[in-house]
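Colleague: One letter stands for each residue in the lines below.
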Amino acid sequence: MPDDVLVLAEKLSKVYGDVVPTPALTDVSFSLGCNEFASIIGRSGSGKSTLLNLIGLLDTPTSGRLLLNDRDTAGLDRDGRAKLRNTFVGFVFQFHHLLPEFSVIENVCMPAIIRGERQSAELLDRARDTLDTLALTDVADKNANEISGGQKQRVAIARALMNRPQLVLADEPTGNLDTENTDLVYELFRKVNREWGTGFLIVTHDRAIAQQTDRIIELSDGRLVQDVADPGADLPAESRGA
Amino acid sequence: MLSFRIAVRFLRTSPGQSVLIIAGIAVGIAVQIFVGTLITSLQANLLDTTIGNASHVTLQNADDKKPLLYTPAIRRVLASDTRVKLIVPDRVLSVIFSKGTDSAPINVVGAAPSDINAIYKMKRHLVSGRLVSAAGDVILGKSFAAKYQLKPGDPVLVVLPGGEQQKLTLVGIFDVGTSAVNDRIGFTTPDFPRRALGMAASEYSDIQTQLTDPFRSQAVIRSWEGLEVFKGVQFKDWQVENAQLLVGLQSQGSSSYMIQAFVLIAVALGIASTLAISAVQKTRQIGILKAMGLTDRRAGLVFLWEAAVLGGCGTLLGLVFGVGLLQLFALGPLTFPIVLDPAFVAGSCAIGVAVALLSAIIPSRGTSRLDPIEVIQGAG
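Sequence order for the protein chains is A and B.
Sequential numbering of the first sequence, starting at 5, is according to my numbering.
Sequential numbering of the second sequence, starting at 28, is according to my numbering.
Calculated directly from the structure, the hints in this document are not laboratory data.
Hints are not guaranteed to be accurate.
[As the list claims (entries may be wrong)] Coverage of chain B stretches by chain A, computed from C-beta distances (three or more under 8 Å per stretch; other residues unrestricted):
#1 122–131
#2 219–233
[Said to hold, decoys possible] Residues from chain B shown here face chain A by an in silico Cβ test under 7 Å; the list is partial:
#3 276
#4 322
#5 397
#6 399
#7 401
Beta carbons are placed, not taken as given, at the ideal position from N, Cα and C, and that holds for glycine.
With the rest of the complex left out, here is chain A:
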């Protein structure tokens, strides 16, 4: 276990529904250190996205404990959770979720503006730097609807990185992209992980992609069944992905 722990999950469980309780996650415990580049794999319905949503404070666990940066999230109210989402986590979803009413650079600036920063020249410079890193310099002033699918997903990544979060949570980030763009996105994740020290937790059903990460956390029927560091050296023989 790494010395600096970003995420500490202790017996996390999530049950949906009151009339017919449906467990989505059962007693999942693990920790994620700073600068880790890890993935969560599992079949559809195995609880991958549920776990990611709990860690990203988009959802609340039915039981168990979740600490982010040594801070217990149980006592946080809705505003406290929103603030931590804004500063600690960057999200990248399968669908880019850009705001069509705003330009590319405005979308990228949004997390910083939500945090309370003014739209100053300094902020715009930082946004342009981030866009440069993701090879999006030319589309900065275009409307979010006027760029290609691959570019949109990279803009979503730039937006996730804008507040320089300690942790990026990515849920099937390349699910809608072609091979070329998929490779590009993972190269960018790696680059940011190495250069900025940002931790990554990537949900994927693609074992080949998971093998590119430093650690694979595997879920099945809502339970953690395998947690493999350096997966390249010790791969499960059977491919369970789609």
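With chain A held as given, fit chain B onto it using these hints.
Modeller: Chain B only, in chain A's frame:
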């Protein structure tokens, strides 16, 4: 001001929807200002025509057949009452006007020329000639003078109640806009009717008073009735004399309020439904913003700002439409002046914005409660 920026951007990306709702608010506020001002102006004019040139509280002897003694004590009480703005003691003499074979009954009111001018605004209403100044002078209404082909300088022969004939001189012709006065009343100095009626110097037919607030006439009468100085005096209240008019005015006012209220309800429903649609249309965006850390309060403010911008623009446009419409209407053949009350206009504008804000409460609360996970899972 992030919520404001998002609100404005949402509105700008749906220009058709925004323009329609602004137009809806504008029409509502314009109707509110137009109808409200028109009815208020009409009522003010009716009131002014009815009681502007008339007594609000009239003092008479309790015995109708006897003159009223205008004692120094009554004079002091009336003069010291700040609610009273005008006191006109007068004498009314019923005579028969006679010209050739024509004759007509006429009441000649004798009062100080300055008092006649004060209560009837006679200088303003004089259409030819001058006001009375000497004993034997008389002024008559325009319609009466026209009917009997009289002009200033002509002699006016009248037959007194005792049958004695008296010659007066017509010095002026007036038009107060009320046929009851124009057709049947002449004004002269106090001495002519006093001599004809055989009254003492301190005796009058009645004392007309005008109040600073005519609608307080009942309270004024109540406060006077118990005073010793008014023993044997009866009071006539304009509100009792014009009860039907007051009922008419109140009904008119109620109709006006109903129209305005229903227009505002229609506007409110229009804004609320549009904002509700907008809130549904923007659910995904709000969910994403919340996933990025936008708090519930700031998310809720987005639709309040939308409502404020729509309400503000619509109200401003409605103000221009409403005032413009009134100006246009005033160019037509109106029989009364349109008076724009700044307080009413400001109130209408405030109501417009307030209604818009109230209409945003439901979509705003819905947005505030929205859980980002609903949007994230829904999109997956």
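Colleague: Evaluate each hint against the coordinates.
Modeller: Consistency of the hints with the structure:
no., hint, in the structure
1, 122–131, "violated (count 0)"
2, 219–233, "violated (count 0)"
3, 276, "violated, 52 Å"
4, 322, "holds, 5 Å"
5, 397, "violated, 11 Å"
6, 399, "holds, 6 Å"
7, 401, "violated, 10 Å"
In summary, the numbered hints that this structure violates are 1, 2, 3, 5, 7.
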